[in-house]
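**Student:** Join the two chains, each given in its own frame, into one complex according to the hints.
Take a look at the letters that make up each chain.
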Amino acid sequence: AQSVTQLDSHVSVSEGTPVLLRCNYSSSYSPSLFWYVQHPNKGLQLLLKYTSAATLVKGINGFEAEFKKSETSFHLTKPSAHMSDAAEYFCVVSAIGDKIIFGKGTRLHILP
Amino acid sequence: DGGITQSPKYLFRKEGQNVTLSCEQNLNHDAMYWYRQDPGQGLRLIYYSQIVNDFQKGDIAEGYSVSREKKESFPLTVTSAQKNPTAFYLCASSISNEQFFGPGTRLTVL
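In order, the protein sequences belong to chains Z and S. Under the numbering used here, the first residue of the first sequence is numbered 95, with each subsequent residue one higher. Under the numbering used here, the first residue of the second sequence is numbered 52, with each subsequent residue one higher.
So that you can see chain S by itself, here it is in the shape it has in the complex (with noise of 0.2 Å):
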C-alpha cells in the first residue's frame, strides 16, 4: 500500500531532551511537509522540503530541525529550544499541490 507512515504514535519527553519524529513515504513524491497542530489553532507550517537536500523555513521553524537525505524520508528533530512542545505533530507528502497526510504522532513534554 502507498502511503505516508510516522512513528511513534506517541511519544513522551523530559524537559531538555531532543526529540526526532520520523516521517517515510512511498507515494515518490518530491515535496514533503510537517505541521503542528494546537486545539483551535488549525494546522502551522514548522518545514517544508520541495526536493531531497534542501528544505525551507514554515511559519514556526524556531526550536525544530528537519533534514532530507532521501526522497522517502524526512524526520523532524524537537530541540529542547523548543519552549513549548506539547502538540501533534503531522508530516504530509505532496503532489499538484494536493496533499497527503501521515496519521500523526502525539508528543507530550513532562
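Chain Z with its partners taken away, still in its complex shape (with noise of 0.2 Å):
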C-alpha cells in the first residue's frame, strides 16, 4: 500500500527567503515520486519528478526536490521565493501497477 503526507497545509514565508515544502511517503515498490503546482482556479501543473534515476531533481522555476529513502521524504526547496510562487503544491506518490496518491496539498504564502 502507499501513502503520501504532507507534513504543513500551510507555510507562509517572505519573497527573496528559502521555501521548504515537507512531503513523506510510504510505498511498498519502488515509487515514482511527483510535485505538481496548482494556481487558483487552474489545473495542475508538473514541477518535478523522480523516478529511480539522480535523487537530487531539478524542477521549472527554481523549484528542486530531493528523494531520501532512508527518511522516506521527498522535500520541495526553493533558494529565493517569488510572489509568483504564491500556489498550492501536492506531493504525488505511485508505482507501477498501483494507485496514484496525491497529498492533501500545501497552501504557500508570500510575503511581501
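No lab work stands behind these hints: they were computed from the structure. Computed from a predicted model, the values in this text were never measured in an experiment. Zero decoy hints are in this set.
Distance condition first, Cα-Cα at most 30 Å in a straight line; then the derived DSSO-like pairs of lysine-lysine:
id : chain 1 : residue 1 : chain 2 : residue 2
1  : S       : 108       : Z       : 193
2  : Z       : 143       : S       : 60
3  : S       : 108       : Z       : 143
4  : Z       : 193       : S       : 60
5  : S       : 60        : Z       : 198
6  : Z       : 198       : Z       : 152
**Tutor:** Here's what the structure looks like:
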C-alpha cells in the first residue's frame, strides 16, 4: 500500500527567502514521486518528478527536491521565493500497477 | 498543441438536474481520470479508465457516471443522486504514472 503525507497545510515565507515544503511517503515498491503546483482556479502543473535516477531532481521555476529513501521523504525546496510562487503544491506517489496517491496539499503564501 | 481540454470552465446547475462535463485529450494517452477538488481536501478520485470501453470506480463514484467510447474523450456526468456536487472538477490523462491535467471545470449547484 502507498500513502503520502504533506506535513504542513500552510507555509508562509517572505519574498526572497528559502522555501521548504515537506512530503513523506510510504510505498511497498520503488515509487515514482512528483510535485505539482496549482494556481487558483487552474489545473495542476508538473514541477518535477523522481523516477529512480538521480536523487536530487531539478524542476521548473527554480524548484528542486531530494529523494531520501532512508527518511522516506521528498521535500520541495527553492532558494529564493518569488511572489508568483504563491499557490498550492501537491506531492504525489505512484508505482507501476498501483494507485496514484495525492497528498492533501500545502498552500504557500509569500509575504512582501 | 498537445494537451487536455475541459469544458465549460464554469457550469451552473439547478438541483435535480444531470449535467455532463467534457474532457478531451490529444496526447494519445490510454489512461484518463476524473478528480473532485474541495477546499482543504486535496484531490479525490471519482472514476478512471485505463483503456477504451473500460472504466473503474474511484473513491467517491456515487452519484457520478462516465463513458469511454473514444480514446480521446472521457465525459463525466454528475447526476441528481450526487448530494453535494458543488466543487472543482479536474480531468487528467497519464503515461508511465505521470499525470497531465486539464484546466478544470467549476460546477455550482443553485
